[in-house]
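Student: Chains as they are written, first to last, in our numbering: chain A, 1 to 497; chain F, 1 to 562.
Mixed in with the good hints, there may be bad ones.
Said to hold, decoys possible - To be clear about the criterion: a stretch of chain F counts as covered by chain A if any three or more of its residues have a C-beta under 8 Å from a C-beta of chain A, and this derived list gives those stretches:
1. 165-178
2. 191-205
3. 494-503
Unchecked claim - Distance condition first, Cα-Cα at most 20 Å in a straight line; then the derived EDC-like pairs of lysine to aspartate or glutamate:
4. A/428 x F/37
5. F/457 x A/281
6. F/499 x F/559
7. A/338 x F/504
8. F/88 x F/21
9. A/428 x F/458
10. F/154 x A/134
11. A/321 x F/559
12. F/64 x F/145
13. A/154 x A/167
14. A/177 x A/18
15. F/244 x F/192
16. A/16 x A/49
17. F/154 x A/287
18. F/434 x A/369
19. A/311 x F/105
20. A/154 x A/134
21. A/427 x F/36
22. F/441 x A/281
23. A/427 x F/22
24. A/427 x F/25
25. A/428 x F/21
26. F/218 x F/197
27. F/457 x A/18
28. F/441 x A/476
Simulated from the structure, these hints should not be mistaken for laboratory data. Ideal Cβ positions, reconstructed from N, Cα and C, are used throughout, including at glycine.
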Amino acid sequence: MADAGLVETLLRCVEKADGGLDSQDVATSLGVDHQAIVGAVKSLQALGDVISAEQRSSKHWELTGEGCEIAEQGSHEARVFSSIPDEGMPQGQLMKLAFGKVGFSKAMSNKWIRLDKGHEGGPRVFRTVENIEDSVRDKLLVVQKGQSSQLEEKEKSELKKRKLLSEVTVKSYWITKGSLFSTTITKQETELTPEMIASGSWKEKKFKPYNFEAMGVAPDCGHLHPLMKVRTQFRQIFLEMGFTEMPTNNFIESSFWNFDSLFQPQQHPARDQHDTFFLSDPAQAHEFPLDYLERVRKVHSEGGFGSQGYKYDWKIEEAQKNILRTHTTAVSARMLYKLAQKEKFTPVKYFSIDRVFRNETLDATHLAEFHQIEGVVADYGLTLGDLMGILHQFFTKLGITKLRFKPAYNPYTEPSMEVFSYHEGLKKWVEVGNSGVFRPEMLLPMGLPEGVTVIAWGLSLERPTMIKYGINNIRELVGHKVNLQMVYDSPVCRLDA
Amino acid sequence: MPTVSVKRDLLFHALGRTYSDEEFDELCFEFGLELDEITSEKDIISREQGDTKAEGASDVILYKIDVPANRYDLLCLEGLVRGLQVFKEKMEAPRYRRVSPTSGEPQRLVITEETAAVRPHAVAAVLRNITFTQERYDSFIELQEKLHQNVCRKRTLVAIGTHDLDTISGPFTYTAKPPDDIRFTPLNQAQEYTATELMNLYKTDSHLRHYLHIIEDKPVYPVIYDSNGIVLSMPPIINGDHSKISLNTKNVFIECTATDLTKAKIVLDMMVTMFCEYCEEPFTVEEAEVVYPDGRTFQYPELAYRKETLSGDFINRKVGISESTERIAQLLTKMCLRSEVMSDGEQIEVEIPPTRSDVIHACDIMEDAAMAYGFNNIIRTTPRTYTVANQCSQEDIADKLLKNISDTRACHIANPKTAEFQVARTTLLPGLLKTLAANRKMPLPLRLFEISDVVLKDETKDVGAKNNRRLCAVYYNKSPGFEVIHGLMDRVMQLLEVKPGRDEGYHIQAAQDSSFFPGRCAEIFAHGKSIGRLGVLHPDVISRFELTMPCSALDIDIEPFL
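Isolated chain F, as found in the complex (with noise of 0.2 Å):
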């Protein structure tokens, strides 16, 4: 779940009046967010470099607020305040319109054929006549961070570069070239490097290193230039220092790169619909043309508006409400979704704007409906669905044929956490053996039991693989007490209501087994085929698992008994 940081009072400032930290808490959780922090910058640095750091660092108090992973509208500020606005309907939902420019052609991006080995789609805007201030300009660069670090899964899928207009010009060419071949100045570097030297002096920056790989074993990298040969771009990497903005910015060009082109369209629509504001002609954004190598051209921004048509029957019997048409289609209003009641009295249009593009289905509607009208305040209900219980059905295993412990393999993690975990167990005992070692200090004799499940390789099971529910037991004393752990295995087959008994019944015989000392290890039968062991555990297994006590084991596949 992503964080955004705000300045509270420059949050106050746009919601036009001020909550004490409970009632904006309390909003938060109403719509569906979570005040997570209320803190400062001066606390964030001393919490972790120490307080001498923090000195003199902003005492500006910030809210850390948890957004929901799929709502990149409500990743900054001015997203947030828009959004809130509109739910506590103090303004209408802004309609953002796409623009031709005033003067001449749009600009162009033209993709060229090699960037379909490495990152094959491209999309591109201009944001015309903007006013930055230091917030706003802030909040313009943190937002790209948040959109890399989440709907574009870390500069994999998709890449934003933004760049000053006026110090480059169209038409802008994307291709892509072996690393050696591309040679520019980087974002706040004083000289020009190639790219493959730009690798090398990444490898130790501590924000750039983890997109290297995206790119790192190409024969060709993505790069960008205007029409002078002039690097815009070499994305996913880095932005080229001549075209970068300023608080000075007027024109900002945005291109973002992909490998997922409904990806780029969805980032576009964010960067441009949460900053055209401060655009001389607010909610307008100057579309540019992209060209693909196959010569099919397209506009964007898409800023598409799509509608869908529900009955208010539909969200009614879906939340559990009964609510007039006309109230719903308000309800939806206030969540960006604008509404309209049909002429017949029963439908309802709704509009999902470019900003939402979580909303992808008539139950995504129906959510942000329940959202407005509160999830609190609805009526808890008895569904009066009738069912009868049963435990674990058993008719899943009955069938099961007992299988010979050696047959079976062990399954192997890809990715273990620790190398005590590398495969998944295929039986309780080392567990069992780690917990008396762990309580040493417990007095003797030490008596424990597991019944779970272990995993084996099944080569008829669709995923190749299947549990295995099993009984173990150790018991650990000056003596090993083999005749405690066969008195508790006698005990569970009499459970059982298994007899002693050669055919039909259980019974054990000696057995090899490097696991138990030699001369002290049984096999155990019942209805004539191995379950298992017991015995005594090998000196060498004891101090292995540095025990220092003799220990007898009982070992046994229960699933023939469930």
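If we strip away everything but chain A, and leave its shape as in the complex, we get (with noise of 0.2 Å):
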């Protein structure tokens, strides 16, 4: 609250003043800062219609420190002819005087003063006329008097480049009396205190009006990155479906389980060095069940399993090398396999969210690692329209109920398919995932009873996590890059809305 004095001066003043007055003319008529009636007029505006004010601007000139400075002891040009004396100057020692420099080369252009290079003892300044006009301290002595009107823009802009003056807003209020105007003031009580209520004197009481425009104090909390949101959303899906969650905490894996494994050939460019990260320590992976080994040497050289075979030289050093997973179909084909040395097979349901890695050209909306999601259903007798009914209700869950199937081609999936939706903004369709059945070549050396089918889908965690929170640049996203901004910001992810 502003000085109550000063408040009920303001009052007063307004109360005579007809038709309104201006904050900048009352803080001068006061001989007060004009920022302290900017606070009265604040809290009168507080009480509600008291007074009303309209804030406005307006542009005058005002002397900057020099110019004060020469507006009271004179140009620098003139300090430099008062300071020389009939019979000269040495003009080091002028140079030396803390106008010296600026003023002499003024008067010098003024011809005030002329220099005798040529003097006995070193350069010498002399008078060249009686008597001067210091105009630039009258000018400066006409603006500070506030009449600066008087001044031709010309001379003004001179003296602004000179940096003497300079040219300022003003913001003052234009004050009025409001609807409910009075010169004597209640003060208003912000908030209701417990001594109000012991006592009752609350009744008595004005209270000052709430600002309903203004944001209330953010809470003290904690956010959770959006990733991780969407990911707790796919994972509640996943367990709506019945589906158990594989243990994903295996970053480096062997190239046998990540491709070997899925009957995915030596020589597919997957495996090389563009496509994916290798392990120089530890290089290689030591312990394998050999005599599964040995059956997927045989379906990938040989065939066997109703299977021509790739018909190449399999070798298991290729296997061996260790790299950082490229998918986490590895993990699956570790669980399928797992499943299939029990000694009863029961059908199950699996999946999996977590990291894998791709040696990619990295750019707005690829980086070199990312989140897969994955499902897998095994069982008996599934179809290939089973596989696209379980993905229509996946992605019914998602929130996209518009899907269709495009034939496609992957090393360890027969029949293989990428998932498109039809997006309703981009009109068109757009791809959502990828899917398949696993190939027998896959499931058979595994040990899987023969007649069952297991199918898959997959896709990653950040694009959809991109779509719903609006990022365009993954690296905003995922990294220590992530604006932190957007990390506060984000709402809670509900996937179906």
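Join the two chains into one complex using the hints; note that each chain is given alone, in its own frame.
Tutor: Structure below.
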């Protein structure tokens, strides 16, 4: 609250003024700082319609620090002139004066003084005229008196260039009486206190109105990263559909489980340095189920299980190479192998959501690591129609109902289908995931029974998250360049919305 | 996924009708192709090199079509048209035949034992009385390039050489010689070079330099001569200029040298099946003989037709449809897999042509039936698989022993993308500090946490490494806020039902750690075992991450609590 005395003084001024007055003029007439008047205006505004104050701005000229000095003591050139005695002064001595340098050149160009370079004992400065007129000082004094309008624009801009004047914008209020105008004010209470309740004094008090336009105080709370929020939703969907989470805590995987067990041939481009990160330490995996490894070798190099095989020289050295896993399907392979080792086959539904790594060209939508979402169902007699049906249910839970499927190629699934959904915003079909039926060459060597079909699908976590939260650059979402403001501001994730 | 670029009007002419872009896109979708882009040579040049360069370039409309990586039979206009026409039942799949020469002996390619050290296999064939036009010729060259890039794995597995047979005379010898002993005029050059000189010459060639490494460090280089000592090619680098084919070439000798014989046979079959339709007697290919050093002789191209028998019921069960056996045979025939219902009315005999090397199992045939039926015509059903859901099982981590952080070592990447990522991370702290640094404009205090996996070497695992789930948190403000990070740890322990205490509970005690400010670091023990540290970070650490404020941190292993 502003000084109560000043507030009342202001009110009396307003009462006397006809048609209103300017806060600057009030400040000048009362001889107080303008900011104090502004404070008084603000506190009066908070009381309701006692006064009305309209903000206006005006420009006027003011002396700079240097300008004030000149107004007081004279321009540099005038001071140079007056400090030179009749017998002249050595130039060196003159230059040592604070105003010497600037004043000397100005006085020279005004032809008030002259320099005798050849003078005995060094260059010496002499007066050339008897009297001078310090017009710079005169003009500044005019401005100081608030009569800057008497000067021509050209003169003002000249002084501005010399940094003696500056044009300032002044904000002021035009104050008029409000509908509840009164010269006496009751102090308003800001908040209800326990004392008021105890004494009942609240009944007599007037309370300052709240500003409902203002924001509340932000609660002191944590914020989850959008990827984690979306991941939670996907987990929820899988759990609702009866899927069990796979343990995916092995970023480092052998080529055997990542590729060979999936019937991905050893010359496949995905196994290239350009696509996959290999490890130099630990460079190799050293333990495999040997009988299974032999069956994998055989199906690749010779065929079997109804397959022609790829008919090439399968090398264990390739299979041993450790890599950063390129897909979580490596985990699915391990889980299916484990399932095949059970005495009696039981149907399973598995899912996982975790990091995978690809040696990709980095850009606004690709990073060398991302999260893969994967679902797998193994049972007797599953059909392609079942895969499409389960995908339909899965995507319906995501709020995507319009799906269609495109034939595709993938080394370890046959048939393979790309999943497209109709994007209402883009008015076109966009790819939302990949799916397929695992090849018998992958399943039978594991020891799964002949009639068991395994269907699977996958998608990335980043893409739906970027779409959901309207993020265009993946680097703002993933990695240390994450925009924390975005993390703070992002709403809860409801995928069906 | 390879992309094939074809002239739209040429394609429509061959297909016998025109399509709107949308119609053709739809047809592609159904057939498992993707119409990736509609463009022209002019567009491509102006996009890559600017408008001025594009002036005068052709503005004939090009379709760029993405083809599945295993469909080598769709990598050229001829193959695409044949595939689509058979699919639309506008034509029957042609039957490719290997024939003997009408007069004289077949062409013969003799392999010497020196090749064993560098590129031991070769196959060959002849296209007799072929008629090239500019378009056919371009497509013939383009197909070689597409095969080289895909199935040939950039010429490492197979390299193709095509020659004007009338400029050379058999028998041909495929041998390997020291590079200084090979001397010939290579394609599109005016003078002779030794192989050594050629390797130098091509070091700066934007196209060929990518293949030099395949033989560069070998003591001998592969080379093919005709009976007069003329060099046909020095695979997998370059052909000789002498035998190059032109628009006027009538008889083409095709050789493929390889490190993988299976792939060589596939590549040869693709080359001849795609272009034998332009021979005087269409769809016939003249055989050639290949003699191995041990005397074994083979006739190529193989053009093998394989038969598989499966039941209509199998297809119905796998796809989830119920079509008659006849209808299924008809569907498969649409996919270039000529099929007939056998006398029992149940079984279907499917013939897999040499163009469909991708069909290696009954499941591939089943997919083709599903594609011909139309994936989107299949009724979507719900599997009746009954399961109970579980969240990530805990047994696999419960038995894990706590390991001291200092015992573990980082796992190194052999081919890192950037200097920043040379090891799999062993701690979450640097990531959080970098995040602080990238968000210095945000109001203080900054409080960040991450619960995630790090990777540590572990001899007991089959791959020699394991993940470790950690919790890391930082508090960044004008004062270090040790009490804040300490309070966070207390809260975490409270939620994990670990009580303060020396033995069964948790406690902290002063520790030394170079990352932390001396005297401001403590080790955290839970159930008597060290699980991590907390404290105020060392000022040197803070400045190395380009931070300016005090920062306290907590870093613990949370696997014992999962």
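Student: Given the hint that residue 218 of chain F pairs with residue 197 of chain F, does the C-alpha gap stay at or below 20 Å?
Tutor: The hint holds at about 15 Å.
Student: Quickly compare the C-alpha distance for residue 321 of chain A and residue 559 of chain F to 20 Å and report which way the hint goes.
Tutor: Violated - the C-alpha atoms of residue 559 of chain F and residue 321 of chain A are around 28 Å apart, more than 20 Å.
Student: Below or equal to 20 Å on CA atoms is what counts here, so check residue 441 of chain F against residue 281 of chain A.
Tutor: 39 Å, violated
Student: Please verify whether residue 154 of chain F and residue 134 of chain A have alpha carbons no more than 20 Å apart.
Tutor: Violated: residue 154 of chain F and residue 134 of chain A sit about 88 Å apart, past 20 Å.
Student: Three or more residues of the stretch 165-178 of chain F near chain A by CB distance under 8 Å?
Tutor: Coverage by chain A is violated for the stretch 165-178 of chain F (0 residues, Cβ < 8 Å).
Student: For a C-alpha distance cap of 20 Å, please report whether residue 154 of chain A and residue 134 of chain A respect it.
Tutor: OK: residue 154 of chain A and residue 134 of chain A at ~18 Å, within 20 Å.
Student: Holds or violated: residue 427 of chain A with residue 22 of chain F, Cα cutoff 20 Å?
Tutor: The hint holds at about 14 Å.
Student: Is the Cα-Cα distance between residue 457 of chain F and residue 281 of chain A 20 Å or less?
Tutor: Status holds; Cα separation ~9 Å.
Student: When I compare C-beta atoms, does the stretch 494-503 of chain F have three or more residues closer than 8 Å to chain A?
Tutor: Violated - the stretch 494-503 of chain F has 0 residues with a Cβ nearer than 8 Å to chain A, which falls short of three.
Student: Mind checking the alpha carbons of residue 311 of chain A and residue 105 of chain F for me, to see if they're no more than 20 Å apart?
Tutor: 31 Å, violated
Student: State whether the coverage of the stretch 191-205 of chain F by chain A holds or is violated, taking the criterion as 3 or more residues with Cβ-Cβ distances under 8 Å.
Tutor: Check failed, 0 qualifying residues.
Student: What's the verdict on residue 64 of chain F and residue 145 of chain F, does the C-alpha distance respect the 20 Å limit or exceed it?
Tutor: 16 Å, holds
This entry does not satisfy hints 1, 2, 3, 7, 9, 10, 11, 17, 19, 22, 27, going by the numbered hints stated previously.
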